[in-house]
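Once you have looked at the hints, place chain L on chain C.
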Amino acid sequence: MYEDNQNDITRLVVRSAQLLLAYGAESDLVEELSQRLGKALGLASVELSISSNALVLTSLVHGRCITTTRRIRAHGINMMVVCELQRICILTEKGIYGANEVRRRLARVEPKTYPAKVVIPVVALSCASFCHLFGGDFMACVLTFIASSVGMGVRLFLAKRHFNLLINFAITAFVTNVIAQLGYVYPVSETPQITLAASVLMLVPGFPLINAISDMVKGHINVGISRWGNASLLTLASVIGITIAMQLGGIF
Amino acid sequence: MMSLLLELLHDAFFSAIPAFGFAILFNVPKRYLGYCALAGALGHSARTFLMHFNMPIEWATFAAAALVGVITIQFAKRHLAPPLMYAVAAIIPMVPGTYAFNTVIALIQLTAQSQVSPELSAQVIVNGLKTVFILGALAVGLALPSLLYYRNRPII
Chain C
1 MYEDNQNDIT RLVVRSAQLL LAYGAESDLV EELSQRLGKA LGLASVELSI
51 SSNALVLTSL VHGRCITTTR RIRAHGINMM VVCELQRICI LTEKGIYGAN
101 EVRRRLARVE PKTYPAKVVI PVVALSCASF CHLFGGDFMA CVLTFIASSV
151 GMGVRLFLAK RHFNLLINFA ITAFVTNVIA QLGYVYPVSE TPQITLAASV
201 LMLVPGFPLI NAISDMVKGH INVGISRWGN ASLLTLASVI GITIAMQLGG
251 IF
Chain L
1001 MMSLLLELLH DAFFSAIPAF GFAILFNVPK RYLGYCALAG ALGHSARTFL
1051 MHFNMPIEWA TFAAAALVGV ITIQFAKRHL APPLMYAVAA IIPMVPGTYA
1101 FNTVIALIQL TAQSQVSPEL SAQVIVNGLK TVFILGALAV GLALPSLLYY
1151 RNRPII
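Heads up: the protein sequence lines correspond to chains C and L, in order. Numbering-wise (the working numbering), the first sequence opens with residue 1 and increments by one. Numbering-wise (the working numbering), the second sequence opens with residue 1001 and increments by one.
There may be inaccurate statements among the hints.
What the hints assert, rightly or not - A few chain L residues that don't get close to chain C, going by computed Cβ distances all over 12 Å: (1) H1052; (2) M1055; (3) E1058; (4) P1096; (5) T1098; (6) Q1115.
Unchecked claim - Once the Cα atoms are required to be at most 30 Å apart in a straight line, the calculated DSS-like pairs of lysine-lysine come out as: (7) K1130/L to K160/C; (8) K39/C to K1130/L; (9) K112/C to K1030/L; (10) K218/C to K1077/L; (11) K112/C to K1077/L; (12) K1030/L to K94/C; (13) K117/C to K1030/L; (14) K1077/L to K94/C.
No lab work stands behind these hints, which were simulated from the structure alone. Source: prediction; values computed, not measured. For each residue, glycine too, the CB sits at the ideal point set by N, CA and C.
So here's chain C without its partners, still in its complex pose:
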């Protein structure tokens, strides 16, 4: 392996690690996949240091090291990207892909998302079935459906305009809660308080929380703590939205 070649392969490996972290893979997976990809492409070893918003990677061949740093900007969770990168790694390990093919596939990875007209109804339906599971009556479920579809619409609208995620969550929680409070104003449902709790469940940061604990359990304590902090901040932002809405509505 020659110098320019090592440089090239290191770039490929660090690019895949960067994409994995930015789209919400856990640290253990990032470390494992980039080490496997590096070995498969002929590096002797790949060492990785992950922190909450940056990534340092060193590749080693013939006693020669190349170290490179990448900044990570979180792009939201996209499992399509993670899945595609896992596939690239496995196919490279089996010897089907060489460095050129990996480069082509990496350049072609782009985060596709489901369209809003699919996301809004399924998420609203999810919140409505939460409401049903918690023992809400039929009208409570309908109200939950309406509140969370409007809320999800607001969330996607703000996300498209690149608002800060915390502001986005606070505003979404506010709007959702205001609509959910209609159950108190018009006595259509016997269980308006379940609507209130179920309609904002789409804002629970489930993925960051599970990733956080999973990271900490597997030894990536600092990444885990920062993800935990991030998830707590998001929860706090939605709580602020909910509190303002409830105080305006005079519930307490």
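For chain L alone, kept in the frame of chain C given last:
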């Protein structure tokens, strides 16, 4: 016996919907969505089954999450996709959202009052502890197969 079976089926159906919905929110590829829903339904109805026999919710969640962990590793091996992709969507119906909500609401009510009320403090402590322990049970349960069995080797 029959009523338990009906309850479990009802439970499975209504927890498959959120698992599916949140899988879409996480942009899971289309061909794997059904597996997320299946794992979600199995996990949540397993928890309901255990709680039917008076198991505390934390332990039932732990066992159900371990079950989801084992199932999703099988899916992952079959499709060569990361197991967490199925698993996180599948355990979303078990995430203690209402406990967290009640904790925070009680906390805010406590702040709004001029003196500390024992009922509200009790609510904060009980709901808060439940939230933390259920979350821990979920995450550790999910990681259990890789902690016990796949110790030094990759899952796929």
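Q: Taking the numbered hints from earlier one at a time, note which ones the structure violates and give those numbers from smallest to largest.
A: Of the numbered hints, 4, 5, 7 and 8 do not hold.
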